[in-house]
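Taken in sequence, the protein lines are chains A, B, C and D. Taking the numbering used here, the leading residue of the first sequence gets 1, the next gets one more, and so forth. Taking the numbering used here, the leading residue of the second sequence gets 1, the next gets one more, and so forth. Taking the numbering used here, the leading residue of the third sequence gets 1, the next gets one more, and so forth. Taking the numbering used here, the leading residue of the fourth sequence gets 1, the next gets one more, and so forth.
FYI, nobody ran anything at the bench for these hints, they're computed from the structure. Please note that the accuracy of each hint is not assured.
[Said to hold, decoys possible] Cross-link-like lysine-lysine pairs, in silico, DSS-like; alpha carbons within 27 Å at most: (1) K204/C - K204/D; (2) K109/B - K204/C; (3) K193/C - K204/D; (4) K193/A - K256/B; (5) K109/B - K193/B; (6) K109/B - K204/D; (7) K204/A - K193/B; (8) K193/A - K193/B; (9) K193/C - K256/D; (10) K109/C - K193/D; (11) K204/B - K256/A; (12) K256/D - K109/C.
4 protein chains.
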Amino acid sequence: MQGFWYPRTETGRASLLPAPPWHYSGDLLTVEYRTDPARVAELLPAPLELAPQDPGAVALIWADWQSCGDSGEELLDPVRAQYRECFAVVRCTYNGTVYSRCVYIWVDKDFALVRGQYQGYPKKLGSIHQTRPHPFGRAAPRIAPGGRLAGTLAAADRRLAQAVVTLRSECESNGFVNGHPMAHHRWLPSIEKDRPDVLAELIKSGSAHVEAGPAWGGDATLDLFDSPTEELARLEVREIIGGYYRQVGVSWDGGKVLA
Amino acid sequence: MQGFWYPRTETGRASLLPAPPWHYSGDLLTVEYRTDPARVAELLPAPLELAPQDPGAVALIWADWQSCGDSGEELLDPVRAQYRECFAVVRCTYNGTVYSRCVYIWVDKDFALVRGQYQGYPKKLGSIHQTRPHPFGRAAPRIAPGGRLAGTLAAADRRLAQAVVTLRSECESNGFVNGHPMAHHRWLPSIEKDRPDVLAELIKSGSAHVEAGPAWGGDATLDLFDSPTEELARLEVREIIGGYYRQVGVSWDGGKVLA
Amino acid sequence: MQGFWYPRTETGRASLLPAPPWHYSGDLLTVEYRTDPARVAELLPAPLELAPQDPGAVALIWADWQSCGDSGEELLDPVRAQYRECFAVVRCTYNGTVYSRCVYIWVDKDFALVRGQYQGYPKKLGSIHQTRPHPFGRAAPRIAPGGRLAGTLAAADRRLAQAVVTLRSECESNGFVNGHPMAHHRWLPSIEKDRPDVLAELIKSGSAHVEAGPAWGGDATLDLFDSPTEELARLEVREIIGGYYRQVGVSWDGGKVLA
Amino acid sequence: MQGFWYPRTETGRASLLPAPPWHYSGDLLTVEYRTDPARVAELLPAPLELAPQDPGAVALIWADWQSCGDSGEELLDPVRAQYRECFAVVRCTYNGTVYSRCVYIWVDKDFALVRGQYQGYPKKLGSIHQTRPHPFGRAAPRIAPGGRLAGTLAAADRRLAQAVVTLRSECESNGFVNGHPMAHHRWLPSIEKDRPDVLAELIKSGSAHVEAGPAWGGDATLDLFDSPTEELARLEVREIIGGYYRQVGVSWDGGKVLA
């Protein structure tokens, strides 16, 4: 049976995902802020621990992506290439090394949902929007001082987050919280009742290749809203660190089991 | 960390799925037909084999569901309870016993997608529609001789299937292809390149409880359409067996590992 | 050029709408309540006036519809037949007669949006969900005392309304606010700047034919939420009158110009 | 009552549209081709006539837009600003002058649907996707010779069109078919049966302000697919003229009644 993912068939053509590597081109809008470190610690299963410095730092990141497998065929049928996501990243320590860790994430396509769960991203579907800069006309900001870019997130018909970033100047990077390799758990419950998970591994993974345009930084506002089925707002905003915009191109080609 | 599924948190509230049991109430529209048995055999990894009788039989089933966990809270926030699906079922033999097996399936909500993948259903997102019978007005068929009910399926902006069932009379069951316990594979690729799957188990699962209204049978037409990323149309229609409609209530509460 | 609505072509086949009559089969979930009559009066352009009795009464109605033209062909391609709506109705007086009037309405399909605007309904797109009763299984209420049905409404990624109706018993009707012929304005702005509307007519319209099942009444809760682009929450809930459920079949076949 | 469009209220805040001017920033992907001029003539109600030169020329245009009113507030809540469209344009002659005319168009948001119908665009909802160029990574073409950009269109769960443009070089303009002021009909049927339209005016309208980046031209392929409710495929492709890409910023501020 062929196919990296379900459904597996004789030819593998129907698989929801091609095998890695996977390539991504897109625009990132980031708000970094500090929350109560105890709220971050709640999301770190042992033996993961808080990062030693700035342990309450959180990045909420909007991304407007195109992605494809090595053949690139999705780019000529863009309904299969384009998706948006919004995700919350914290940092943690494992075995003395600092990692980034995605604790909540929403996307708007099935291939992105499943690809992420394979990688240990806790993906749900959501409705994600992000202002696009554009060089012409009055219906878009420019990438320039004073340009204002917003991100919004909703799931299950409820708004969960909205942010506005006002660009000030180019800067060294688009934040530090999402700057480490990711440490994720891959969990799969048993099909049998009252049995332990059949998989519970800690993995690390990062980009095999990255290229990026200049990072822009500026001021940011961020509102988080509660929902009966979400806990993002529990990472309450105590202090804004900054807002960032950057265009990136990334490839991903597998990870490593840590434990 | 609490939560049956991602994201796992201290409280478990954000989990995309509650722990089983899961309950379902819905309406099924089924078309059963015969295809080339070789096309069914292609979808059965060893040691699964074709069913001894009518090995080319296929059921394409549309379902309009509400589902919930044991608390039933989703029913008061129906965006979290309602979903539609269309799925193709064949039969197979394992160790001398006949099983049903879902080979393709599309749903329209994230909780249904992920719940199914946990159960070994090869779910993708799709756009699924199914005529609803109604007792009043001219914009719906009645559940009565001559009533006509249609199902349509699309994914990635392409129509994949459309069926029309014309009810003739009550009958004993709404088909036989989906009448056995399911034999599914649960596969999970390694996060590391060029390693074997970290999980490749054959499981069986069926309903813990079923109740149902009268089955109705009748004539059916079915059209399948090709797509660059789908293989449903490869299960080409050689001969229609029949069309069926039935209302059911089902609970699911875990399965068993076969191998 | 043929076609009731855009696009008009030589054959008329592409028209988004067939000519009336239009037929509807569906399920209505209604919450009636009293708001400040001044808030109702704000929505009544002269010479419309408040209804003399219970002038602050409002009905917020969820409807899960199938609809079709006289050929009924949409019923065999149900993506073209099914839609959901949520709408707020008040009453008014014109020339000594009491009318119903829809002041806000959201639907989830284009044909319903445009059909409504033709009829003077102020339609927008929204995401509308309504619990479906079902006779089997634990994932649906029964139409019986204690059955609980919810409705939710969102637009532009924000939840605007949610209601829960707990059925108590059969009753005479599913409310009184939406029980009169509708008095609507049809407004069309000029394509030229600073010119008056090219159309500003007051019309009345009602069902050409109605059939219905038993009405069920019960208790209700209703929450309205504010949004930067909506004013539904301005019709604030002062006192719940009741909640109702009813299945109906309706045909519509034109209206009359009042002024 | 305030509000450019429904719903009109005391404050005007709930109106689906602000008053013009309307501003647009976006990316256009165009395929121009020749069809049988008789098929174009079918879509031109008298006294409109075919353009004297190249009367069978058609432009099928994909656009990925942000739009806003004069306040620009939609840009900070981008779910209200972003939409995609695909539209077919032909040319016609009225009173000795050549106009462009949109004969079919699909969009994916309500504000765009209604705004267009006000302007005489025959809008329906559809699912529209268009490859985005990007300067980084392997999941996007560059705006450079050899860059390949695709557009796809679906409505009612059926694919209607797909195109691929391969960029060759900068050129003078992104086509000629959509280069004239638009001549559109604004039609509104009477609410009363068997009465003539209450409005049937021919209007012209064009951009109040345009700015644009360099036009790129290249080779193109275009496939049109039939559907029971669409007639786009009737404008069959006889000969491809060219494919184009361009970024534009446009403002619209009203039109003129021609007849």
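Going down the list of hints, with the structure as the test:
1. Between K204/C and K204/D the CA atoms are separated by roughly 32 Å; this puts the pair beyond 27 Å, and the hint is violated.
2. For the suggested pair K109/B and K204/C, the alpha carbons sit about 40 Å apart, so the restraint of at most 27 Å is broken.
3. Proposed proximity of K193/C and K204/D is supported: the alpha carbons are some 13 Å apart, at most 27 Å.
4. This hinted pair checks out: K193/A and K256/B have alpha carbons roughly 9 Å apart, not beyond 27 Å.
5. A C-alpha spacing of about 30 Å is found between K109/B and K193/B, which places the hinted pair above 27 Å, so the restraint is violated.
6. Restraint check for K109/B and K204/D: not satisfied, since their Cα atoms lie roughly 44 Å apart, outside the 27 Å limit.
7. For the given pair, K204/A sits about 13 Å from K193/B by alpha-carbon distance, which is consistent with the 27 Å threshold.
8. For the hint linking K193/A to K193/B, the alpha-carbon distance of about 31 Å lies beyond 27 Å, and the restraint is violated.
9. Between K193/C and K256/D the CA atoms are separated by roughly 9 Å; this keeps the pair inside 27 Å, and the hint holds.
10. Distance check on the hinted pair: K109/C and K193/D sit about 24 Å apart at the alpha-carbon level, within 27 Å; holds.
11. For the suggested pair K204/B and K256/A, the alpha carbons sit about 31 Å apart, so the restraint of at most 27 Å is broken.
12. Restraint check: the Cα-Cα separation between K256/D and K109/C comes to about 31 Å, which exceeds 27 Å; the hinted pair is violated.
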